[in-house]
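*Asks:* Below are the chains, spelled out letter by letter.
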Amino acid sequence: MKARGWLYLIAATLLAAPWVLPGYALEVAIQVLILALFATAFNLVFAETGLLSFGHAAFFGVGAYTSALLMQRASWPYLLTLPAAVGTAAALALLIGFFSVRTSRIYFTMLTLAFAQLVWAVVHKWYAFTGGDNGVTGLQPGQLWSDPHALYYLALLLTVVTFLLAVRLHLAPFGYALRAIRDNQARAEAVGLSPFGYLLAAFTLSGALAGAAGFLQVAWQRSAFPDFLYWTKSAEVIIATILGGAQSILGPSLGSLVFVELGAFVQSHTEYWPLVLGLVLLGLVLFLPRGLAGLGGARAGD
Amino acid sequence: MLEIKHVSKSFFGFLALDDVSMRVEKGSFHALVGPNGAGKTTLFNVVVGRYPPDGGEVRLEERRTSGLATYRVVRMGLGISFQRSQAFLSMSVLENVMLAVLAHQGRSRALMRSFSAESEAKTTAYELIGWVGLADKTETPTAALPLGDLKRVDIAMALAGKPKLLLLDEPLAGLSRSERVSMVNFIEGLLRGLGITLLFTEHDTDAVLRLADRITVLHQGRVLAEGGPDEIKNDARVIEAFLGEEYAEG
Amino acid sequence: MDIGFLLLQFLTGLAYASSLFLLAVGLSLIFGALGIVNFAHGSFYMLGAYLLYWVVRGNPEGLWWGMLLVVALGLVIGALVERLLMRPVYGRPEHYQILLTYALLLVIEDGVKLLFGPAYKSLGPPAALAYPVWIAGAPFPAYYFVQIALALLVAGLLWFFLQRTRTGALVRAATLDREMLEALGVNVPKLLTAVFALGVALATLGGAATLPMQTVSPGIAVEAVISAFIVVVVGGLGSVWGALLGAFLIGEIQAFGVLILPDFAIAFVYLLMVVVLLVRPWGLLGRPPAVRT
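Protein sequence lines, in the order shown, are assigned to chains A, B and C. If you count the first sequence from 1, position 139 lands on 139 in my numbering, and the numbers rise without skipping. If you count the second sequence from 1, position 95 lands on 397 in my numbering, and the numbers rise without skipping. If you count the third sequence from 1, position 140 lands on 692 in my numbering, and the numbers rise without skipping.
Hints are computed from structural coordinates only; laboratory data are not their basis. Check before you lean on any hint, since a few could be wrong.
What the hints assert, rightly or not - Stretches of chain A that chain B covers, calculated by requiring three or more beta carbons in the stretch to come under 8 Å of a beta carbon on chain B:
id: 1; segment: 12 to 22
id: 2; segment: 185 to 192
Claimed, not checked - Some, not all, of what chain A presents toward chain C, calculated at C-beta under 8 Å:
id: 3; residue: Leu118
id: 4; residue: Ala121
id: 5; residue: Leu275
Here the structure is a predicted model, which means the values were calculated and not measured. Yeah, the Cβ is synthetic: ideal placement off N, Cα and C, and Gly gets one too.
Using the sequences and the accompanying hints, generate a full structural model.
*Replies:* The structure is reproduced here in structure tokens:
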């Protein structure tokens with residue numbers, strides 16, 4: 001009963017936020033939702049399979065560019081670019097995952113990093129198609145989506161769907177199989193599980209959802225830039241996830257809230273936000289290994 | 303049931319298995335023994351598909367298994383319990399066994415069902431857990447189990463697929479004296495009752511002589527001798543190569 | 553395209569490779585001995601350039617003793633960072649180590665900005681090296697030869713250290729089996745501090761050595777660390793000779809890649825990294841993970 005009470009409170013807060021928050025704070029709130037979606041998607045792979053992807057920016061960025069280029073060059077309505085953004089991100093994740101999920105631990109991390117940087121290098125230099133380092137700018141997502149209220153609700157919807165999907169996966173036999181592979185791959189094979197298929201499916205799903213986050217970013221920024229795919233963007237989603245606590249299903253969202261809000265707050269006072277963030281992370285790693293969710297004693301997924 | 307034909311395997315020029323052939327008959331308890339480094343673990347790993355053999359082949363009920371991935375061999379009817387038995391340590395006993403049941407039924411890919419609502423698998427898992435004597439520990443996290451119980455979980459998982467042949471790699475390793483006795487009784491009582499064909503490796507000579515109908519002795523990567531417990535016990539070469547030192551110790 | 557032009561391009565690639573080697577070899581040593589992927593490695597490289605600028609007070613003639621001083625400072629900084637920050641995370645899952653070194657990257661980048669200001673810094677080569685050498689009728693910066701010589705010197709000294717000294721033998725042993733060293737009674741924590749300090753000092757030297765040819769800003773750290781990753785992944789994590797080979801390949805691919813597809817030379821480099829990771833994940837000269845029998 002108590003848990004249900006909290007749920008209603010959170011739902012009411014999320015739904016009422018656009019009507020309470022002043023303009024700038026609403027923009028920040030949308031950014032929180034986008035990062036929360038991205039981090040929840042990333043954590044599908046990280047928490048359930050134990051594989052640390054350093055290439056998720058590629059899926060975020062490719063989702064964003066798909067949406068941006070379809071609007072700019074083919075005049076698609078913004079909302080219609082969502083399935084395309086998710087689709088291309090999924091296709092890229094399928095391709096990168098096909099080669100990467102067979103490798104283990106540090107090699108997986110390095111390989112996903114290398115692939116993502118390869119995609120970044122192409123986007124960054126292919127002026128004729130992507131606009132190179134100028135990015136795709138001046139996008140018009142249409143009147144409805146230029147209203148931050150509408151965009152907020154769209155971001156909220158997609159983030160909630162992603163969150164529910166993550167919970168669904170965690171509780172389904174598929175999630176148990178992923179964690180079995182994470183816990184002990186040899187044992188998992190010995191009960192007849194084929195790790196490759198499971199890991200590839202999880203990686204592709206995660207990449208597809210990261211593409212949805214990129215799709216939202218385009219409307220928020222009305223542009224897409226190569227920075228969306230750079231490795232520091234992958235670092236950002238890792239930080240948000242671990243900051244909140246990867247072992248808790250709410251951790252990535254909580255981490256995103258703190259990351260974005262703290263960033264907005266610090267940046268309004270000083271330009272040295274990276275320094276503050278760095279010090280926060282040092283403190284986190286050295287003194288708070290389970291993330292913020294660990295503070296409340298929250299346990300994995302329940 | 304299981305046929306190992308002329309299997310060879312070498313690592314970095316070291317010949318771990320040299321033209322090994324043996325047969326495991328249906329319904330038998332077959333022991334694979336030999337001193338450390340004789341090639342037992344390597345042969346085990348070839349049978350489960352972890353290493354492809356350099357030469358020769360392995361067949362399970364006439365179907366070739368060597369060179370296939372472990373999970374494929376398992377789906378063909380092999381049950382495996384590893385020497386260093388580790389369960390899925392983030393899960394309870396029940397969840398471990400349920401997952402094994404679901405995996406064998408091909409139902410572990412489901413996304414839109416809840417694991418905990420898989421009542422059919424749960425019933426089967428309870429039965430398996432009861433067989434291995436852990437009925438009072440179904441909800442215990444496996445990370446909190448002593449080694450002897452972990453091995454039982456491991457065996458329950460290996461039995462989940464109703465295997466034609468069960469492989470046990472050193473089921474007694476690391477167990478205390480009393481745990482050993484109960485494990486031997488357990489293997490004898492349960493597996494004989496189920497009519498399971500068993501291939502196992504073990505260092506404990508007394509346990510081998512009590513459990514096995516047939517024994518294959520490996521020495522330096524070759525089959526040194528094969529026969530019933532009485533033949534092997536009295537085989538001069540075997541006594542020299544292996545049993546001798548054990549008796550001398552005891 | 554005549555042969556002189558190709559030679560010039562080759563030498564340019566070699567100069568770039570030299571700088572990459574100094575940048576990456578420390579990363580490889582640190583990964584080999586400590587098992588830590590150091591995302592702050594490029595930051596130490598960037599810091600080295602700033603430290604040089606600071607100790608010579610903008611005077612290019614101070615380059616030689618300035619570099620020595622930077623190496624000394626690098627050793628001290630590396631030892632302090634290892635003692636205070638790295639040591640608590642040994643044995644923890646990799647992502648903590650990655651997070652920690654990434655935090656360090658952020659702190660160093662902004663710290664340098666605070667101390668030196670965000671503007672680009674540059675320092676020309678010493679007067680004696682300020683004029684180009686003419687090769688095949690084209691000008692070639694004389695300072696590039698210093699960089700190449702420096703890389704060869706460092707490679708030689710590292711070879712001597714690792715192959716011919718007792719401490720070097722222990723470092724090599726640490727990349728193979730740390731527990732065994734402990735069992736032998738070696739003071740492993742001290743050894744790890746020394747390796748980390750050495751790795752950091754090499755990075756700062758690399759950064760300092762590029763300052764006479766290149767303007768630096770705090771932002772070069774994030775690019776440098778990726779370049780260093782590519783070099784060590786291609787050459788083999790933990791292998792000094794791998795870093796040498798990796799740096800050479802990448803330097804030359806860059807130099808000749810721009811002739812073929814000017815915009816996508818960097819993409820070739822990432823492609824090489826991907827291919828190596830797929831075919832030989834442990835790198836060209838790395839050691840494959842042991843097979844358990």
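*Asks:* Go check the segment 185 to 192 of chain A versus chain B for me, would you? Three or more residues, Cβ under 8 Å, otherwise it fails.
*Replies:* Since three or more residues must qualify, the claim that chain B covers the segment 185 to 192 of chain A holds, with 7 doing so at under 8 Å.
*Asks:* With a cut-off of 8 Å, does the beta carbon of A:Ala121 approach a beta carbon of chain C closely enough for the hint to hold?
*Replies:* A:Ala121 check passes; min Cβ-Cβ to chain C is 4 Å, inside 8 Å.
*Asks:* Hint validation: A:Leu275 versus chain C, beta carbon distance must be below 8 Å. Holds or violated?
*Replies:* holds (3 Å)
*Asks:* With a C-beta cutoff of 8 Å, work out whether three or more residues of the segment 12 to 22 of chain A approach chain B closely enough for the coverage to hold.
*Replies:* With 0 residues close enough to chain B, the hint is violated.
*Asks:* Under 8 Å is the threshold here; is the Cβ of A:Leu118 close enough to any Cβ of chain C for the hint to stand?
*Replies:* holds (4 Å)
Of the numbered hints given earlier, the model fails hint 1 alone.
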